[in-house]
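Taking the hints into account, I'd like the entire structure generated from these sequences.
Quick mapping for you: the protein sequence lines, in order, are chains A and B.
When we follow our numbering, the leftmost residue of the first sequence carries the number 1, and every step to the right adds one.
When we follow our numbering, the leftmost residue of the second sequence carries the number 1001, and every step to the right adds one.
In case anyone wonders, no lab produced these hints; they're calculated from the structure.
C-beta atoms are modelled at their ideal positions from N, C-alpha and C, and glycine is treated no differently.
Treat the hints loosely; a few may be bogus.
[Unchecked claim] Okay, derived cross-link-like pairs now, DSS-like style, lysine-lysine, Cα gap no bigger than 30 Å in a straight line:
# : chain 1 : residue 1 : chain 2 : residue 2
1 : B       : K1179     : A       : K52
2 : B       : K1301     : A       : K52
3 : A       : K78       : B       : K1224
4 : B       : K1263     : B       : K1279
5 : A       : K78       : B       : K1324
[What the hints assert, rightly or not] Chain A stretches covered by chain B per the calculated footprint, using a threshold of three residues with CB under 8 Å from any CB of chain B:
# : segment
6 : 30-40
7 : 52-66
8 : 72-81
9 : 90-101
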Amino acid sequence: MITNLAMMAASAGHVLAASGSDGDSSNFGLLFLASGFVFYGLMYLRYRNADKRQRYESETEATLHNMQAEDQFVRSMKGLSNSRMANANNTEVRGVRRKFF
Amino acid sequence: MPQESDGAATSDSDLVDESNSVDGVPTVVQTDSGSKDGLVKCARCGATEIALNVATGMLRCNFCRFEWSTDNALKAFNLDGDIGELSGLVVGSGATEIIPSTAEVMTFKCSACGAEVVIDTNNSTQARCHWCRNTLSMNQQVDNGAVPDMILPFSLPKEDAIARISAFVKKRTFFAHPKFRAEFNPENVMGVYLPYMVVDVNAHARLTGQGEHQTRSYTVGDDKNKQRRYDADLYDVAREFDIHVNDLTVESSSDRLDQNTSKNSNNIINSIMPFDVEKSVRYDSNYLAGFTSERRDSDLKQLSPIAHTQAEDITRYRVNETLKQYDRGVRWDQQVVDVRGERWVSAYLPVWLYSYQQRKSNGGTFLHYVAVNARTGETMGSVPINQRKLLLVSAAVQVVGTIVAIVLTVLGK
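See below:
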C-alpha cells in the first residue's frame, strides 16, 4: 500500500515536472502543490529502493546479425496533440520479476 | 567432452511467439565428470582444510598454503561455443530436472574414519566429520539441484563489503527507523552463493509494425490557450534478423524469483546483477567453505518462460538501434521470435548479504536486504523507514510548497 502511494507520488512529480518544463507558469505552480507527496515518494524510494531491478534488457550482451530492414512511407499526419506515438511499444519491458503489490 | 542424452527437462516456449526449435530431447553436457564425493585432499599435503582465498580467487590449503584453482567451466565444457551454431536445447548436467523424491539431506561415509556424516544440501555441500574433523565435500550432481555446473568465486573481500554496506546505509540514516539505526551492524554480513541459470539464446526474429517520425513541432491558439501540435510521417516498419543473447542470468530459487516489493526485498538482490559469469570455474565444494549457499529448486519448465520473455525484451531493446529515425516511437504489431537453439547452465554466484528483520507494529515482519555483488562491488539495499518522521517532514514540505504555489499563481496573474 505504502509502496503504491510512493510510486504514485513519485510519478506525479515526474508528470508535473514534465508539464512544468514546457514553461507554463501555472503548471510550475502546480508542481509545488504536490511537493509534499513528491518528497514522500522520492524519500521512500531512496530508502526502500522498491523500484530497483536489473536492467537485463540493456545489460545483457546481445548481438544482431543478418539484419534486413524495410521502411515504407504510409502517409503524413498533421496537428497531432501527443508528442509520442499512440501505443508505441518499442521500449516495453515485459519480463520484469519485480512487482509492487 | 563427454555428452549424453537423457529424458531431462524440455523447454516450454509458450511466451515466445511461434517458437518451435527447443522441442525434443535436450543434449546434456556432463559437468561433474571426474568429480568425487567425500574427502577432497590437498594435492601437496593431503589435508582437507581447503578454502577460497578471496584475494587470489584460488583454493588454498589452510595447512601448507598451497594454492590452485579449477578450470574455467565454460571453456572446460565447451559451453562458450558460438551462439550462432546453437541448435535445439543444450543443458549442463547440473541444470537438469530436479526429481522431487531426491533427498535434500545426504549421508556420506567419512573415508578417513568411517563415521556417517550428514550434509544438508539446502545450505551447503560440505560438512565436517564430527569424529575426525575432516571436511567432506559433495561434488557429484544428484537430482536435487544442490550441485551446479559452475561457480563464480568471491573476489570482493568481506572488509570491502562491510565498507560498502556502511557507506550505503550512512547516506540513508535521517529517515531510517531508529531501531534499525541502533541495531545496524554491518559486521553481520554473510557471504552467500545464490543459484542462477545462465542462458545463451540463438534466435531468429521478425518484427513488423508502424513507426512515426516527427517533421514539425509548433504552437497553436492564443496567449491564453497555447497548445503544442506535431506533424509526423507514418511508416510501415519491418525488421528481420538473427539475435545471439549471451549469458542472460535468471534466479533459479523460487524464493528469489518472488520479487513482490510489498512482501520482500528480493528485488535488491536482482538489482546488483550482472555478474562476470564467463569467469566461472568448475564446481568444487571447497569454494563454499566459510560461505553459505541456497539450493536451486526451479527447473527449466518454470524458468524457460521467464528467460524467453526476457530474451524478447532484449530483442526489442537491441533493435531500437536501427529505429533512431522514428523519434515518436514504434508500435510493433507482430513480434515473432523463433528460438533456434538455447544453452542452459546452472551456476552459484557470490553475494555479500546483510539482512535485517523488521518487526512491524501490526505484528508482521519484513526482511530488508543490503546486497553487494561480490565480483563488481555494486551495492543496493532496502533501509527500514521511520514513517512518522517521514510523514511529518513531508507534511511540512507540503505546507511550504502550497504557500509557494499560491504566491507563484498570484504573481503569474
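Taking the hints in turn, this is what the structure says about them:
For the hint pairing K1179 of chain B with K52 of chain A, the CA-to-CA distance comes to about 24 Å; that is within 30 Å, so the pair holds. A C-alpha spacing of about 27 Å is found between K1301 of chain B and K52 of chain A, which places the hinted pair at or below 30 Å, so the restraint holds. Between K78 of chain A and K1224 of chain B the alpha-carbon distance is near 23 Å, which keeps this suggested pair within the 30 Å criterion. A distance of roughly 34 Å separates the Cα atoms of K1263 of chain B and K1279 of chain B; the hinted pair therefore is violated under the 30 Å criterion.
With a CA separation close to 21 Å, the supplied pair K78 of chain A and K1324 of chain B stays within the 30 Å bound. Closer than 8 Å: that is the beta-carbon criterion, and the segment 30-40 of chain A has 10 residues meeting it against chain B, so the requirement of 3 holds. Coverage of the segment 52-66 of chain A by chain B holds in this model, with 14 residues showing a Cβ closer than 8 Å to a Cβ of that chain against a need of three. Judged by the Cβ-Cβ criterion of 8 Å, the segment 72-81 of chain A is covered by chain B as claimed, because 10 of its residues qualify and three suffice.
Under the rule that three or more residues need a Cβ within less than 8 Å of chain B, the assignment of the segment 90-101 of chain A holds, with 11 such residues.
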